[in-house]
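Enquirer: Produce the entire structure from the sequences given, and follow the hints as far as they go.
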Amino acid sequence: MEQLIASDKQLYAQGDFPKGYNREQRYNDPADFLDHENYNLSARYIHNFSPTSKLKFQADYAHDIIDYFSTEYLPFLTSDDPIYDTYYLSGNSRKYICLDSLQREFPLRFSHHTNTYQNYLDYSFQVNTGSVEHKILAGYYLINIDRTTYKGYNVGEDVNGDGLFANIAYENPILNQGDLQTKFSAASIYNELLNSFYAQDLLNISNKLKGLVGIRADIYHMTYQSASVDESTHTYDHSAKTKQNEFALTYRAGLVYQPIDDLSLYSSYASYFRPNRTSYNPNYIYVDRDGNTFKPEDGEPFFEPESGYQLEGGLKYNYNSKLQLNASVFYIQKNDIVESLGKTEDGTNGIIF
1 MEQLIASDKQ
11 LYAQGDFPKG
21 YNREQRYNDP
31 ADFLDHENYN
41 LSARYIHNFS
51 PTSKLKFQAD
61 YAHDIIDYFS
71 TEYLPFLTSD
81 DPIYDTYYLS
91 GNSRKYICLD
101 SLQREFPLRF
111 SHHTNTYQNY
121 LDYSFQVNTG
131 SVEHKILAGY
141 YLINIDRTTY
151 KGYNVGEDVN
161 GDGLFANIAY
171 ENPILNQGDL
181 QTKFSAASIY
191 NELLNSFYAQ
201 DLLNISNKLK
211 GLVGIRADIY
221 HMTYQSASVD
231 ESTHTYDHSA
241 KTKQNEFALT
251 YRAGLVYQPI
261 DDLSLYSSYA
271 SYFRPNRTSY
281 NPNYIYVDRD
291 GNTFKPEDGE
301 PFFEPESGYQ
311 LEGGLKYNYN
321 SKLQLNASVF
331 YIQKNDIVES
341 LGKTEDGTNG
351 IIF
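Note that UniProt numbering numbers the sequence shown so that position 238 is 238, with each residue one more than the last.
These are computed hints drawn from the structure, not numbers from a lab.
Only a predicted model underlies this, so the values are computations on that prediction, with no experimental measurement involved.
Among the clues, some could well be false.
Within a straight-line C-alpha distance of at most 30 Å, the following computed DSS-like cross-link-like pairs (lysine-lysine) qualify [stated by the list, open to error]:
| id | residue 1 | residue 2 |
| --- | --- | --- |
| 1 | 322 | 241 |
| 2 | 241 | 151 |
| 3 | 95 | 19 |
| 4 | 295 | 334 |
| 5 | 135 | 54 |
| 6 | 135 | 316 |
| 7 | 210 | 316 |
| 8 | 343 | 183 |
| 9 | 243 | 54 |
| 10 | 135 | 210 |
| 11 | 241 | 183 |
| 12 | 243 | 295 |
| 13 | 334 | 316 |
| 14 | 183 | 95 |
| 15 | 322 | 151 |
| 16 | 208 | 322 |
| 17 | 135 | 241 |
| 18 | 210 | 56 |
| 19 | 334 | 243 |
| 20 | 183 | 56 |
| 21 | 208 | 316 |
| 22 | 135 | 208 |
| 23 | 210 | 54 |
| 24 | 295 | 343 |
| 25 | 316 | 295 |
| 26 | 343 | 151 |
| 27 | 210 | 322 |
| 28 | 343 | 95 |
| 29 | 210 | 334 |
Expert: Now the structure itself:
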């Protein structure tokens with residue numbers, strides 16, 4: 001929509017606000033709310049075996065609940081028939097629009113219940129092999145995310161009442177247009193567990209040359225399923241679980257050469273692994289890498305994890321502590337990327353990998 005037209009004259013250009021617009025005016029339903037409950041627990045332990053040998057442990061737990069309801073979409077009234085004086089062009093067709101009234105559409109009701117636990121265990125020490133100094137770090141990382149999302153997306157059933165889809169005046173609106181009741185009818189149950197083991201060696205080869213090598217092993221497990229919900233938010237009628245189990249090794253290495261104090265030349269390589277957390281949505285159209293549509297099977301992962309690597313080289317130069325010059329060149333390769341293709345004419349989303 002590039003412009004709004006009235007009596008065959010431009011009334012508003014794209015980005016303009018209608019006359020009488022008040023930035024402080026609220027148009028949502030008075031029943032809208034956002035409640036947020038959160039608490040966190042942490043524990044840390046550090047033990048120094050020697051000046052060059054240290055053990056560190058840290059554990060964190062977070063409990064988070066977001067409870068939300070809002071009539072989010074507030075469009076002006078529109079019609080394909082010429083019942084309003086103002087219109088805009090949708091393609092080659094006129095879409096007539098009323099600038100006096102808004103309609104409360106898309107009442108969104110959900111609640112996220114998330115529990116997250118993670119811990120780090122690191123051991124670092126220093127050794128020498130000949131003239132080379134090694135600062136070695138080895139560790140273990142764990143994270144577990146358990147989240148249930150309760151949904152009240154069935155408009156007319158989960159959200160109902162006299163105020164549903166109410167029309168309100170654009171200027172000086174009467175906000176209370178009737179009662180609204182909400183409930184949940186469905187839930188998404190998600191659990192993710194990641195165990196990671198890693199090690200790296202920071203090498204002091206000479207006064208002018210430093211190096212780093214590292215390796216990481218990730219063991220990833222994810223389950224997802226949908227369910228129905230009763231009035232007490234107890235889940236039942238569970239779907240088959242979508243499961244994803246992945247193992248990946250990633251690496252990194254780098255060198256820094258400092259021929260003079262003010263100049264550093266560097267190069268690095270790093271690979272990565274990112275599990276795909278997409279869950280099946282029946283309102284989406286799925287397209288594979290060959291351009292063919294497909295329907296994911298229940299319980300089966302349908303996107304490969306994203307992976308890739310990066311190569312980089314560059315320099316850093318300081319001149320009299322007043323001027324700093326940085327330059328770099330890099331190459332990045334990504335595999336199995338998932339992209340959204342937008343929406344079809346009927347509003348269906350498309351997603352491709």
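Enquirer: Against this structure, judge whether each hint is valid.
Expert: Now for the hints, and whether the structure bears them out:
{"no.": "1", "hint": "322 x 241", "verdict": "violated, 60 Å"}
{"no.": "2", "hint": "241 x 151", "verdict": "holds, 18 Å"}
{"no.": "3", "hint": "95 x 19", "verdict": "holds, 20 Å"}
{"no.": "4", "hint": "295 x 334", "verdict": "holds, 24 Å"}
{"no.": "5", "hint": "135 x 54", "verdict": "holds, 11 Å"}
{"no.": "6", "hint": "135 x 316", "verdict": "holds, 24 Å"}
{"no.": "7", "hint": "210 x 316", "verdict": "holds, 15 Å"}
{"no.": "8", "hint": "343 x 183", "verdict": "holds, 29 Å"}
{"no.": "9", "hint": "243 x 54", "verdict": "violated, 38 Å"}
{"no.": "10", "hint": "135 x 210", "verdict": "holds, 11 Å"}
{"no.": "11", "hint": "241 x 183", "verdict": "holds, 25 Å"}
{"no.": "12", "hint": "243 x 295", "verdict": "holds, 16 Å"}
{"no.": "13", "hint": "334 x 316", "verdict": "holds, 27 Å"}
{"no.": "14", "hint": "183 x 95", "verdict": "violated, 35 Å"}
{"no.": "15", "hint": "322 x 151", "verdict": "violated, 57 Å"}
{"no.": "16", "hint": "208 x 322", "verdict": "holds, 23 Å"}
{"no.": "17", "hint": "135 x 241", "verdict": "violated, 44 Å"}
{"no.": "18", "hint": "210 x 56", "verdict": "holds, 25 Å"}
{"no.": "19", "hint": "334 x 243", "verdict": "holds, 23 Å"}
{"no.": "20", "hint": "183 x 56", "verdict": "violated, 46 Å"}
{"no.": "21", "hint": "208 x 316", "verdict": "holds, 14 Å"}
{"no.": "22", "hint": "135 x 208", "verdict": "holds, 17 Å"}
{"no.": "23", "hint": "210 x 54", "verdict": "holds, 22 Å"}
{"no.": "24", "hint": "295 x 343", "verdict": "holds, 17 Å"}
{"no.": "25", "hint": "316 x 295", "verdict": "violated, 51 Å"}
{"no.": "26", "hint": "343 x 151", "verdict": "holds, 22 Å"}
{"no.": "27", "hint": "210 x 322", "verdict": "holds, 25 Å"}
{"no.": "28", "hint": "343 x 95", "verdict": "holds, 20 Å"}
{"no.": "29", "hint": "210 x 334", "verdict": "holds, 28 Å"}
Consistency note: the structure conflicts with the earlier hints numbered 1, 9, 14, 15, 17, 20, 25.
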